[in-house]
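Take each chain as given, in its own frame, and dock them per the hints.
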Amino acid sequence: MRPAIIEKLNRHMSSAPKTEADVVYGLVEIRKLLEQSGHKERFPRLVFFCDWVVHPWLKGRETQNVLMELDQRLGRYDASRPWEIDEDGKVHELLSLRRFAEELNACCRENGIDEIWTQDIWVWREVSRLYSEIVRDCPLSMKRQDCGFDYLATLEIDGCEPSDDLRLGAWPHGGQRNLPGDSGEAEAMRETELRWFVPPGHLAACPNSQIGNGSIIVPDRKLECWKHSNPKGFAEWFLTQCQIRDALAEADWVFKGSVEPLPSPVPSEYKYPLQRIVQLMKRHRDIFFFGGRDIARSVILTTLAGGFYKGQRSLTLALESVLDGIHAALSAIPQVPSVPNPVHPEENFADTWDQTKYEQFKSYIENFRRGLKAAMHPTVLSERQGLEKSTDHLGELFGADRVRDAIRAEAAEINEGRNSGKLGVAVGGVLTGMSKAGAIPVPRNQFFGR
Amino acid sequence: MNQIKTVGIREQAAWMRSRNPQFCCEINGGLLTCCGPLQPGPMNAVYDVVIQYRVGTWPKVLLPCDQIRPLEPGGRIPHTHGPGRPCLFYPSRAAWRSDMKLSHTIVPWLSLWLTFYEMWRVTGEWYGGGISHGEIKELEPAA
Chain B
1 MRPAIIEKLN
11 RHMSSAPKTE
21 ADVVYGLVEI
31 RKLLEQSGHK
41 ERFPRLVFFC
51 DWVVHPWLKG
61 RETQNVLMEL
71 DQRLGRYDAS
81 RPWEIDEDGK
91 VHELLSLRRF
101 AEELNACCRE
111 NGIDEIWTQD
121 IWVWREVSRL
131 YSEIVRDCPL
141 SMKRQDCGFD
151 YLATLEIDGC
161 EPSDDLRLGA
171 WPHGGQRNLP
181 GDSGEAEAMR
191 ETELRWFVPP
201 GHLAACPNSQ
211 IGNGSIIVPD
221 RKLECWKHSN
231 PKGFAEWFLT
241 QCQIRDALAE
251 ADWVFKGSVE
261 PLPSPVPSEY
271 KYPLQRIVQL
281 MKRHRDIFFF
291 GGRDIARSVI
301 LTTLAGGFYK
311 GQRSLTLALE
321 SVLDGIHAAL
331 SAIPQVPSVP
341 NPVHPEENFA
351 DTWDQTKYEQ
361 FKSYIENFRR
371 GLKAAMHPTV
381 LSERQGLEKS
391 TDHLGELFGA
401 DRVRDAIRAE
411 AAEINEGRNS
421 GKLGVAVGGV
431 LTGMSKAGAI
441 PVPRNQFFGR
Chain W
451 MNQIKTVGIR
461 EQAAWMRSRN
471 PQFCCEINGG
481 LLTCCGPLQP
491 GPMNAVYDVV
501 IQYRVGTWPK
511 VLLPCDQIRP
521 LEPGGRIPHT
531 HGPGRPCLFY
541 PSRAAWRSDM
551 KLSHTIVPWL
561 SLWLTFYEMW
571 RVTGEWYGGG
581 ISHGEIKELE
591 PAA
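Chains B and W supply the protein sequences, listed in that same order. Under my numbering, the first residue of the first sequence is numbered 1, with each subsequent residue one higher. Under my numbering, the first residue of the second sequence is numbered 451, with each subsequent residue one higher.
If you are wondering where the hints come from, they were derived from the structure by calculation, not from laboratory data. Fair warning: this is a prediction, and the values are worked out from it, not measured in the lab.
Distance condition first, Cα-Cα at most 30 Å in a straight line; then the derived DSS-like pairs of lysine-lysine: (1) B:Lys310 / B:Lys282; (2) B:Lys436 / W:Lys510; (3) B:Lys32 / B:Lys18; (4) B:Lys422 / W:Lys551; (5) W:Lys551 / W:Lys510; (6) W:Lys551 / B:Lys436; (7) W:Lys510 / W:Lys455; (8) B:Lys232 / B:Lys310; (9) B:Lys422 / W:Lys455; (10) B:Lys357 / B:Lys232; (11) B:Lys362 / B:Lys373; (12) B:Lys232 / B:Lys282; (13) W:Lys510 / B:Lys422; (14) B:Lys310 / B:Lys373; (15) B:Lys373 / B:Lys282.
For reference, chain W alone in the conformation it holds in the complex (with noise of 0.2 Å):
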């Protein structure tokens, strides 16, 4: 059985700063928390993003201050766990493991739903794809 290679949360956090040295990265209590502006591209707008990832769990991703809306008060944002909260990857092991590298992943696939949800607002239609909740299949903790 191949053992993964975990990323230390100290390894996480330079690999941060340097593939986006915009972003704020501090480790508290072994709870790594990423502050910044974030833009997908130069049409795009400018976000501010926080992203908190403890080894063993999770990367939670938030945008904060009701920066992403729904096109109709009440209404759903597609693939968002809650309001200011989207869902970057189905949550299973071979989605997102430990031994991946938070700049290479979450803040890339944050930049991409990004850009879906500006195209969602201008048109109504989701074009980035996904898996609806009414589709789980496998939900664990990250190893």
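Same shape as in the complex, but just chain B (with noise of 0.2 Å):
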């Protein structure tokens, strides 16, 4: 049997795989023959790979191995900076292909297998490239036992492409280390490797029935722990807090006739007014640390716009109300509070914050807040600059740019309200939309002059 494995392995492999089925049919009598002749413990690395084309849920030892050291280092992984996971390189020692190439070349040798596919680094970059493209749809998986809850973590290949790193000369195995070194044979002598990614959140998914409610625990990346979670829940809950109608305030619209003011262009996935203000919070912060989001993480945003939002449908009106719920309860609070999951109190938004964090924070919503206010409550002076003035404010608090869009976007729908008969104007000369009571429409007009 064995002899006939090699014959044909010799033949397969005496040319570079052309197709996915010519790596996969390799790959699968390296297999049998490593199972054969019983030295499958020596090439641990060789029997990964090969299991790996073949069976979408591995779950022998080695792969719980690879596994588990990849999620050792994950844990601290940061999607902004991915490289930190792995510093001393041991992850690309791991998942390389370099070690599959060194195994595989040891055991043809080792057989008598005279192949191409490890001699030629041409060659075993056309089988890197082909065995990325069948593993690509085999996401690994595997569970932890030491975490006391089920823990569930998973690894995809995205693709496959040159390392980086020139490593010439260092082909391991006697390649064709006579390749010319100019440039252009140097940049084909790059080593190929995985590259794999983990979609962030996806290795923490870990749902735990003992904790119930929708709850979860997941891996802390910074503080390097893990924490309770309930991701669901709080978003159900801020959909609860976004649908809060204030009845006065709704009386107060009806029966005092105030002036509607014109529709603004929103997109409907942030029609409400909470979720339009949670967009400002975010985009003030981002202005006011300068694009820094540690200390204003969004999930405490929210949670405080949340929990001070009264219901008012007008967004300025709303939000000088939670910014002023906000200012008023930490105010009250010198030392570093915790912002508690609304639906899961175990949680604590902030902490990450130490006294310096908190009072950044503090010093965040102070500025947003009397910012607002300034636009909003116009001095005598000020009153007399109208909008220019009210720009400056908000160009300060959002951003210039931002502010010029608003305008020209504000333009426009006066523009469409025009043409289309659905601009007026109420008792006072004040323009409005024609669904405000006593509101006549603004006639067409051409305006004149230089």
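Put into structure tokens, the structure is as follows:
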């Protein structure tokens, strides 16, 4: 049996593979050879790679070893700094096809297989490419038993590309080291490696029935510990907060006959005032902290905004109310407070705050509140300057470019109202929508003059 | 030929007082003069405006005391006749006739003009459209 396999492999691996099927066939035969020869233990990584092409769900010991080592490192994974995951290159060593090539080369030599797959780096690159295509749709999963709860980690292969590291002359098994050394060949001599990725949150998806109510435990990459969480419950809580309606505000809206502002072009996904409030808070956060999001994390802003929202329909009034509420609450708490998840109080969203960060967060809220009030309640002097003065304040809060964009959008909407007959004017000369009681339409006109 | 029904000067004054109670309107020798504050929207400035009208002429609108200013000294403000005088409509019978009410045309157009003026002050772009003097096709007294 063995000589037959060796004969087949001699023929098959004497030329470069052309299709994925060629690679699968070669590795299946290698796997059979290892099984028959009883040398599996000596080529663990080769077994791992051979198994992967035919088993979408690997459960073997070597697979679990690979994933366990990866997972230890992925526990520190930061999506914005992916290179930090492998500072010492061990992950590269683990998943690099170099080790795969080394063991395949050694196995073939040991069994007298005269192959070209690992002997010619050009051919190996093609083997690597085809291999990555084969396993791309076969993510590997593992369960950990040492976490005290169900833990499921998944690794997906994203592709295969040349490594950035040049290892000229380092081809370990005496392959074609005598390739010309010009720059074009040097480029081709780059090793290839699997380009793998872990979707943020994917590795952390670990439902735990023991906690219940949709709560889960997730790894905190920065604090390097496990944290309780309940993202689904939090999303439901936020939606409930969005739908709060202030009965007094509604009544005021109807009976006092206040002027209805022109409708704003709001994308449907941000239709609730509370959602737009959170968007504006994030925008000012990005301006205030120059893009840094560590101190005013989105989940903190969302929690505080949702907690202090009272159901106003007017975006500006609602935002002012939310900022007033947050400001008053923080002013009463000199020491670093916790910001508990409203649906899972064990989770503190502000667990990374220290006194300095807390003070910076308070400064951010105070700056936002002061700027908004200046825009909403102009002095007598600035009242004379109208939109110009307001946009100065709004530009400081949200960025001048965004304010200009908003003005253009507002102008476009006004013109659409003019053309469609939906733009009206209320008693007193205030422009409004035609749905406003007492509004009369603004007739068409053409401004004239230079 | 359809005859238009001219709105009398007293009726114009009554409509103005009704729709814009913040205005002070007087008729003197057939000339209606309405003065008062106008704020096109909650984010806009409050302007002191003067609107004058005599039947058979074009209405005149004035924003006195440099309330509207060019972007730089000596510059021009879009769609104006001169300092403090916005051009609200193309002077033709199709655009404005004496059967139209000032309160239903001139005042809304002035609010609109002021809105676009403030946007222009911020962005340097005039979003309100219009016709420039170079495109004059017809200039005649109001009927």
